[in-house]
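From first to last, the protein sequence lines are chains A and B. Using this note's numbering, read the first sequence as starting at 1283 and increasing by one per residue. Using this note's numbering, read the second sequence as starting at 1283 and increasing by one per residue.
A couple of the hints might just be wrong.
Since the list gives no way to pick one copy over another, a pair counts as held whenever it fits inside one copy or between any two copies.
[Stated by the list, open to error] Here are the simulated lysine-lysine pairs, BS3-like style, with alpha carbons at most 30 Å apart: (1) 1814 to 1377; (2) 1838 to 1877; (3) 1693 to 1490; (4) 1837 to 1818; (5) 1753 to 1730; (6) 1693 to 1493; (7) 1818 to 1429; (8) 1877 to 1798; (9) 1569 to 1641; (10) 1493 to 1530; (11) 1440 to 1379; (12) 1775 to 1635; (13) 1829 to 1877; (14) 1753 to 1641; (15) 1322 to 1377; (16) 1798 to 1841; (17) 1693 to 1641; (18) 1877 to 1852; (19) 1375 to 1814; (20) 1730 to 1640; (21) 1814 to 1775; (22) 1730 to 1322; (23) 1578 to 1420; (24) 1530 to 1640; (25) 1877 to 1841; (26) 1641 to 1700; (27) 1841 to 1818.
If you're looking for bench data, these hints aren't it; they were derived computationally from the structure. Keep in mind the model is a prediction, meaning the values are calculated, not measured.
There are 2 protein chains.
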Amino acid sequence: MTQKQPIQPRRGRGSRPNNRPINERPQKGTFGTNSTKNPKLRIIPLGGMEEVGKNMTLFEYGDDIVILDMGLKFPEEDQHGIDYIIPNISCLKGKEKNVRAVIFSHGHLDHIGASPILLSRLGYPTVVGRPMTLAMVKHRQEDYEPKSSSRLKAITIKSIADRFSFGAFHIRFFQVEHSIMDAVGVILETPAGSIIHPGDWTMERDSKTGKPLVDYRHLARVKRPSILMLESLGAVDVRKSATQDEMKKNLETLIRTAPGRIIIGTFASQIERIGWIIQAAETLGKKVALDGYSMKTNIEIASKLGYIKTKKGTLIKINQIEDYPENKTIIIATGAQGEGNAVLSRIITGNHKNVRLKKSDTVILSSSIIPGNEATIQKLKDELYRQSDNVIHGQIMDIHVSGHGGREDIKYILNTIKPDYFIPVYAYHYMLREAAMLARANGFSSDKILVLDNGQIAEFDGKQWHATDIKVDTSPVFVDGLGVGDVGSVVLKDRQVMAADGMVVVVVQVNTKTRKVMNNPDIITRGFIHIKTSEKLMTEIRNHVKKTTESILQKKMPKKSEDWGEIRGKLRDELGTFLFQETQREPMVLPVVLKV
Amino acid sequence: MTQKQPIQPRRGRGSRPNNRPINERPQKGTFGTNSTKNPKLRIIPLGGMEEVGKNMTLFEYGDDIVILDMGLKFPEEDQHGIDYIIPNISCLKGKEKNVRAVIFSHGHLDHIGASPILLSRLGYPTVVGRPMTLAMVKHRQEDYEPKSSSRLKAITIKSIADRFSFGAFHIRFFQVEHSIMDAVGVILETPAGSIIHPGDWTMERDSKTGKPLVDYRHLARVKRPSILMLESLGAVDVRKSATQDEMKKNLETLIRTAPGRIIIGTFASQIERIGWIIQAAETLGKKVALDGYSMKTNIEIASKLGYIKTKKGTLIKINQIEDYPENKTIIIATGAQGEGNAVLSRIITGNHKNVRLKKSDTVILSSSIIPGNEATIQKLKDELYRQSDNVIHGQIMDIHVSGHGGREDIKYILNTIKPDYFIPVYAYHYMLREAAMLARANGFSSDKILVLDNGQIAEFDGKQWHATDIKVDTSPVFVDGLGVGDVGSVVLKDRQVMAADGMVVVVVQVNTKTRKVMNNPDIITRGFIHIKTSEKLMTEIRNHVKKTTESILQKKMPKKSEDWGEIRGKLRDELGTFLFQETQREPMVLPVVLKV
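In isolation and in its complexed conformation, chain A is listed as follows:
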């Protein structure tokens, strides 16, 4: 068996950890003015290229700007302590008043999650979305700052046929399928051409005929030239996945035949599926308890809007679960990714107030594995299998379908819409490339396909679309606690160093007259060695620090305070070298020198 090796092998002496050597090219550049006399149409992806999450795209024509989506991204393994990452909008500085509208394609966090922060920074421009989406944006705003949602200026898309004008942009919409209600595709018509952007999309097909259920042919008739910006997360997905119908049939059979209680773990964002499970349970005369803050909130929002209709009594509270026969109850819970504080984890660790797992329970994980979560999901599965005899997950049965179109679907869309230009978006870079290759293989010429980087400006010069060399700053903006953007690469690197080998603070009191160290130096260390069993090393460190300090001071007694910085630097290097020799570890070393 080949197993996971540490991504960060032991570093050479003195180097700093650097887990992400890739993609760290400078991405600065000016946005530039856009002539109003001879306006250009520009597309600027602030996120959604290279990474998944923090999706956000600017469209500019003359001095009109329309924004699509304001998503957030969750941190990577080495971005310690970061809550989430939002798009960098520094390129909009001075152009805030040009933003005519922010359109949200749907209510998932990677499309609306940054909205409370970014809308506030832009002075609350008009936001546009369908009812569910706007309800989610509003909820997110309240979550971020209670009672702040009154600041939102919202326009609701009441009908898919609604049209709006924002400056030079004429906005229309079209139906798409995704795992949340009210997902919508957007058409931005401008004098220079039309942009078609389905947001996130998948293609449900008739189980028998294989024909798509939604008709996209009308998109071939938009004003030319047309640019299709297509979410391409499924660009390497060749598997023939189960249809919604097959998944529903599997889930329905499980719910109907389970010998006892049923616990279903899924994403809170799978609102359509949760709604459908509640419906199925109702039909089978079972009660459903939802558990998990985001899940309850989402279903509440969907219910208020009438998107989920239940008879009174179908939904029960989690603390009522024992009031009904086991084979009449279903719990739908968050935590299918093994997240530490989510419901499923609390159940299996015995920390849930109302629910203990029983051998007779049927546990269903109806979710995909999100890259990076494999290890925690494996631990979750291990423990579920320990506590229950009936664990069902995607490796066993088709109980989850992706919310994103695969290769065949991408091909179908391209061949149906036949856009003049193709820009794959909202996926990792290699998927964008694969989507581009797919387009070429289906008759698109290379000069009609644009693969953009985050921040790279694409422009229509009246004749032809082209990717410019100009890149606006899209360096990540980290949100950590109350801080937005204050944690940068320095703080993160320090966290990485301390995570790897801990830290050692030495406090040395120096008698400036005798040039001697007074008392024993204080050593404060965490995450480096086990202090209680390292008495000997601790004594050696104290002696080493004392000796080194005195030897340095004998040679040169600093006069100015800058010189003391030099002393500290020498002490740090000497002690670092000593500690590496003794332990082959490289803790962060921080000397404090007090003059007495």
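The hints should help you fit chain B onto chain A, whose structure is shown.
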């Protein structure tokens, strides 16, 4: 799109991070003596249950102990700074002299990696393996401590028909297939019955007939009762994977038709495949440069043993790569998982001495994705697609096959060998459970199947095998730099706290007479805030510490040194609360109080 959410959400005030609430049950227990008059046969898995890696199994009969494998495991995401993890052998304390032999099934690190440390601790018992395996064990020993391999007492399995006796154990071997040469299955015959253990295995089948190429029927004829301990990593693997032949054909076509240079990324452990690629290159008149320490070493070992035969001139050095026409050169390199310091990463970041990627290069990733590495592999792919127009990986073409048997293979083995007892091993717990279910579905009765935990002793009482309630200590032993086992949960938790929110050390000088703080407190902080832009907060912290210290001292002036610990504790709590209010971050707070 649903994206990765942080596994560790923001914690409640005062709590410590705990990413791994699962599986942390106490696993202590005594090994116990084994009567020599009325000896029992015991199986004690020290690793290989619940996790992948650190595979190691003890077999005891009377006072004879035979060990199979001594593997290592690489750390998990939250085990910061750990190099690797080895099995805990504390249960062998006092029984070291009973260890008659250590058998290694094959030379991969998860089967031999802990050998230098554990063999030394056991006083170098006899080691047994086929030539390639022993060469790898020896190399590992030298790598750990130069010139120490002379301490090894090795018995080479020269022929698959070799037999050895170690006390009551009679050892025989059988042929298995795996991704490294000289993998071997082991039969341990004892008066109480026979254990059949293939180590890691896969089942190659004839492309046309689907029939296995290796015959296992003879294993049905071992002395009864027989226990099959079967590596079950493929227990949820339902996909019909490509055969070796298909993979080879795909690779051969790629190598033959590539327009320019070829760069193949794979695991250094895939020695068979690397050997085969070299052969294919030779046939096509191409030169091969190997790059990566472990890869070069492994191929060197295999070549010395005659397992890889090349004509002079086929293998070239990486710095000779420019001496040949591009379409005549192949580079085989490590780093297909995106590991920061491995060859592929160095190439794409421009840090490789001899190789820069060109658009015309063909890059082939011939490796599986190891769970947990998804994010780095995606970044690797992104960058490869940027720099080369021809990137081939497993999502595009079958250019990797697993070294582990899948569900169909497990079924076939069970039905062919028909053991009296079945113990699935060397996989995650949920896979062990799935393998057990598979066995039940194929006619095994439940009482003939044992799913063990790490450390849990299984015993044959003369009539029946059963899993006892006794668990020996298998808590992980961490290797970090020169330290083996000194980094424990306390040090790791401190690393996690500092990784998440950094640390703040405050040094306060107190005049014990006036009970006043002298000078301004020194604040040393890293990984918490960006110091340069947080002048205001730093001043507030200084003032807060001063005020708090004086207020504490006014109430009570400590006399004994223990009391100063109490003062420090109060100061820590006060400052921690203050910092959380100000930032919603929870750095590690460490006060130092100096009396003047």
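Q: Could you tell me which of the hints above the structure violates, numbers in ascending order?
A: none
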